[in-house]
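Asks: Residue numbers (our numbering), protein chains in the order written: chain B, 314 to 527; chain R, 157 to 533.
A portion of the hints provided could be inaccurate.
[Said to hold, decoys possible] Cβ pair distances, simulated, as ranges: (1) R:393 x B:474: 30 to 36 Å; (2) B:431 x R:351: 50 to 56 Å; (3) B:473 x R:411: 35 to 41 Å; (4) B:432 x R:493: 40 to 46 Å; (5) R:411 x B:424: 27 to 33 Å; (6) B:514 x R:217: 26 to 32 Å; (7) B:514 x R:219: 18 to 24 Å.
[Said to hold, decoys possible] If you want a taste of the chain R side facing chain B, the calculated C-beta under 10 Å gives, among others: (8) 241; (9) 251; (10) 253; (11) 269; (12) 350; (13) 351; (14) 357; (15) 358; (16) 362; (17) 420; (18) 429; (19) 430; (20) 434; (21) 458; (22) 487; (23) 510.
Keep in mind that the hints were calculated from the coordinates and are not lab data. Beta carbons: idealized from backbone N, C-alpha and C, even for Gly.
Residues per chain, in single letters:
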Amino acid sequence: MKHPNETQLALLAGGDLSLRERWRVRRHVSRCAECENDLQALRRASEQVRELAAELPKDLNWNRLAEEMQGNIRVGLAAGQAIAGFDKPAAIRRPRLGWNAGTVLACASVLFVLAFWANIPRPQAEHLAQALKRIAVHGIGNVPQQPALQQEDVVLEASSTDIEVQENGRTLSLMHPHSDGATVSVSMQGSAGVRFIDSDTGQVTTNKVYYAEQ
Amino acid sequence: MPSSKPVLAGFVPVLAGFMLVASGLVAGVLPKIDLPKDSPVAVLSADYKDSNETARGGAMLLDLHAALSLRNSSHRRIRGITLLVSAQDVTPGGKGSVTVTSLDIGPDESFPVRIDLRLLRPLQAAPSVPVQISLDGVLFEDLSFYGPDKLSSRRNMTLSEYEARRDRKYFKSLLAEGGPERLRQEMLTSLAHQEDRPSMDVQVVKGARATNFEPEKQVQFAFLQLPDAPIEPVDGMARVAGNEARAPRVEVRNRSDRAIRYLEVGWILQDHGGREFLAGSVPAELNLAPGQKSQILENTTLKFPQPHGGQPLAIDGMTGFISSVEYTDGSVWIPSRADLGTPRLQRIVAPSDEEQRLAQIYRKKGLAALVAELNRF
Numbered sequence: 314m315k316h317p318n319e320t321q322l323a324l325l326a327g328g329d330l331s332l333r334e335r336w337r338v339r340r341h342v343s344r345c346a347e348c349e350n351d352l353q354a355l356r357r358a359s360e361q362v363r364e365l366a367a368e369l370p371k372d373l374n375w376n377r378l379a380e381e382m383q384g385n386i387r388v389g390l391a392a393g394q395a396i397a398g399f400d401k402p403a404a405i406r407r408p409r410l411g412w413n414a415g416t417v418l419a420c421a422s423v424l425f426v427l428a429f430w431a432n433i434p435r436p437q438a439e440h441l442a443q444a445l446k447r448i449a450v451h452g453i454g455n456v457p458q459q460p461a462l463q464q465e466d467v468v469l470e471a472s473s474t475d476i477e478v479q480e481n482g483r484t485l486s487l488m489h490p491h492s493d494g495a496t497v498s499v500s501m502q503g504s505a506g507v508r509f510i511d512s513d514t515g516q517v518t519t520n521k522v523y524y525a526e527q
Numbered sequence: 157m158p159s160s161k162p163v164l165a166g167f168v169p170v171l172a173g174f175m176l177v178a179s180g181l182v183a184g185v186l187p188k189i190d191l192p193k194d195s196p197v198a199v200l201s202a203d204y205k206d207s208n209e210t211a212r213g214g215a216m217l218l219d220l221h222a223a224l225s226l227r228n229s230s231h232r233r234i235r236g237i238t239l240l241v242s243a244q245d246v247t248p249g250g251k252g253s254v255t256v257t258s259l260d261i262g263p264d265e266s267f268p269v270r271i272d273l274r275l276l277r278p279l280q281a282a283p284s285v286p287v288q289i290s291l292d293g294v295l296f297e298d299l300s301f302y303g304p305d306k307l308s309s310r311r312n313m314t315l316s317e318y319e320a321r322r323d324r325k326y327f328k329s330l331l332a333e334g335g336p337e338r339l340r341q342e343m344l345t346s347l348a349h350q351e352d353r354p355s356m357d358v359q360v361v362k363g364a365r366a367t368n369f370e371p372e373k374q375v376q377f378a379f380l381q382l383p384d385a386p387i388e389p390v391d392g393m394a395r396v397a398g399n400e401a402r403a404p405r406v407e408v409r410n411r412s413d414r415a416i417r418y419l420e421v422g423w424i425l426q427d428h429g430g431r432e433f434l435a436g437s438v439p440a441e442l443n444l445a446p447g448q449k450s451q452i453l454e455n456t457t458l459k460f461p462q463p464h465g466g467q468p469l470a471i472d473g474m475t476g477f478i479s480s481v482e483y484t485d486g487s488v489w490i491p492s493r494a495d496l497g498t499p500r501l502q503r504i505v506a507p508s509d510e511e512q513r514l515a516q517i518y519r520k521k522g523l524a525a526l527v528a529e530l531n532r533f
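Generate the whole structure from the sequences, applying the supplied hints.
Replies: Next up, the structure:
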């Protein structure tokens, strides 16, 4: 026995099958439990579609709705084609000008550094080299930990009003009264002094400040 | 109406607290005077009037004004004294000293020493700043010395005493040869030189070059040869940049028949305008046998700040001369009055402590007082 196909069953469930075909398919279904089950399932689905269709507006213009849907699909396809251009990888463009400019800039930088290094006075060059070395070791913005007393930080100063030793932002000064004969003296071993006459006592007094090793 | 008694009572602890804080501040200012038990000087009195500690910006400023009265508790006459002043919390590496020379203090006599000190330290530093005053040395009439001598006070005061003896002898000879009028003329000349002597403020930076960015050059020393100096300067140079001079190097030879353990080279600088002034001294501790050569090296920078309203100094030349020598036996050599009488040195080199003191006596008290002072020795 040959079973009816799905289309014949679906047309039977919807009542759209011709008379002759309806008689023949019904006759088979009445004897075939499997086809009977399929037909019942199709009828239940058809019933549910009818119920859903009953909830749509009564004056719905199906033709216009179909045209709008087709229009929306076309707009979507056009937009997709337009966006596709942006999604292409940048490597596709030819960056010939960028590489050329970069090469010129690199050459100019090398020339500038060589000329600067050749013309900078030697002490400044040493100072710069030390600064770069410090940056390489400690990084920019990181202040290296200094010992409590660094001799380069110690400054002795002698003037006609006072003498002082400055060390790490701290100062020790020895002052003296105004004196016409105040004599400033410094020693390269690390001391600075002022000699003056005390106008009250007539005594010769010498104030001095020293480095640590003195 | 509410009673004012609780309010007044509330002020009492506030006032008491304020007084406690104030007394603490004053106590923090006072120095610690530390003299050895067998010290030849004793503190008779100490006055700290006008001393205070105040906040200034982000720093604390301590002004210490100490008027000390010391007594000679030894049996010898004192010629000089050096007090060491230190504040370990503020400048652990730096220290100061106050030296009084050309003294003539007999046993049990007293004499004043004044110390005017200023300390500047960050606010967040330790709250108390103990200033310590200690004895570094006392030089007696017979050139004997007492003290720890941490600051080479023995040598410095001995050199000063040698100069004092040389100058008193010179002025007494003038008095003997030409009478008071000759002495007066010499005093007037000395006062004129003191007034005209060029002087500059100076900074000393230990170590590398300071801040000048002008090109540096090596400048050769010219030397003033003093005929009777036991040391002959042979060669020397220093690095000069604008108003900075650094790293002097001087080669010397001992031309005497005695070993030498210390010498000082006076360093005269000339600027582009031809002006000359004494920049400082290059000292050296060495052991130099007769006929031997040695090199003096100092890695220090001298910087001369631009004077107010003046032109910045541009160093153009340098001259050196031997200013003092100490032999291994402790005796010293200093330039003679004849050496210092050359026009160049007379214009530049400062008079000795004693000449300055005698000139001050002449200016303040007159010729008779000066003659009386010279006759005391």
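Asks: Confirm or reject each hint.
Replies: Status of the hints after comparison with the structure:
The supplied range of 30 to 36 Å is met by residue 393 (chain R) and residue 474 (chain B), whose beta-carbon atoms lie about 33 Å from each other. Look at residue 431 (chain B) against residue 351 (chain R): about 51 Å separates their beta carbons, and that is inside 50 to 56 Å. Judged by the Cβ atoms, the range 35 to 41 Å given for residue 473 (chain B) and residue 411 (chain R) holds: they are separated by roughly 37 Å. For residue 432 (chain B) and residue 493 (chain R), the hinted distance range of 40 to 46 Å is not satisfied, since their beta carbons lie about 53 Å from each other.
At roughly 57 Å, the beta carbons of residue 411 (chain R) and residue 424 (chain B) sit outside the given window of 27 to 33 Å. In this structure the hint that residue 514 (chain B) and residue 217 (chain R) lie 26 to 32 Å apart at CB holds, the actual value being about 27 Å. Judged by the Cβ atoms, the range 18 to 24 Å given for residue 514 (chain B) and residue 219 (chain R) holds: they are separated by roughly 21 Å. Here the hint on residue 241 (chain R) is kept, as its CB sits about 7 Å from the closest CB of chain B, short of 10 Å.
Hint on residue 251 (chain R) holds. Least Cβ distance to chain B is approximately 5 Å, under the 10 Å limit. At about 5 Å, the closest approach between the beta carbon of residue 253 (chain R) and any beta carbon in chain B falls short of 10 Å, and the interface hint on this residue holds. The criterion of a C-beta within 10 Å of any C-beta in chain B is met by residue 269 (chain R), whose closest approach is roughly 8 Å, and the hint holds. Hint status for residue 350 (chain R) relative to chain B: holds, with the closest Cβ pair at about 5 Å, below 10 Å.
Satisfaction of the interface hint for residue 351 (chain R) is found here, the shortest Cβ-Cβ separation to chain B being roughly 7 Å, below the 10 Å cut-off. At a threshold of 10 Å, the smallest CB-CB gap from residue 357 (chain R) to chain B is about 4 Å, leaving the interface hint in force. Here the hint on residue 358 (chain R) is kept, as its CB sits about 5 Å from the closest CB of chain B, short of 10 Å. Contact between residue 362 (chain R) and chain B, as hinted, is supported at the beta carbon level, the nearest pair being about 5 Å apart and thus within 10 Å.
Annotation: residue 420 (chain R) was flagged as interfacial toward chain B, and the flag holds, the nearest CB pair being 8 Å apart, inside 10 Å. About 20 Å separates the beta-carbon of residue 429 (chain R) from the nearest beta-carbon of chain B, more than 10 Å, and the hint is not met. The closest approach between the C-beta of residue 430 (chain R) and any C-beta of chain B is roughly 21 Å, which is over the 10 Å cut-off, so the hint fails. Annotation: residue 434 (chain R) was flagged as interfacial toward chain B, and the flag holds, the nearest CB pair being 8 Å apart, inside 10 Å.
Annotation: residue 458 (chain R) was flagged as interfacial toward chain B, and the flag holds, the nearest CB pair being 7 Å apart, inside 10 Å. Restraint check, residue 487 (chain R) versus chain B: the minimum CB separation of about 21 Å is more than 10 Å; hint violated. At about 8 Å, the closest approach between the beta carbon of residue 510 (chain R) and any beta carbon in chain B falls short of 10 Å, and the interface hint on this residue holds.
The earlier numbered hints that this structure contradicts are 4, 5, 18, 19, 22.
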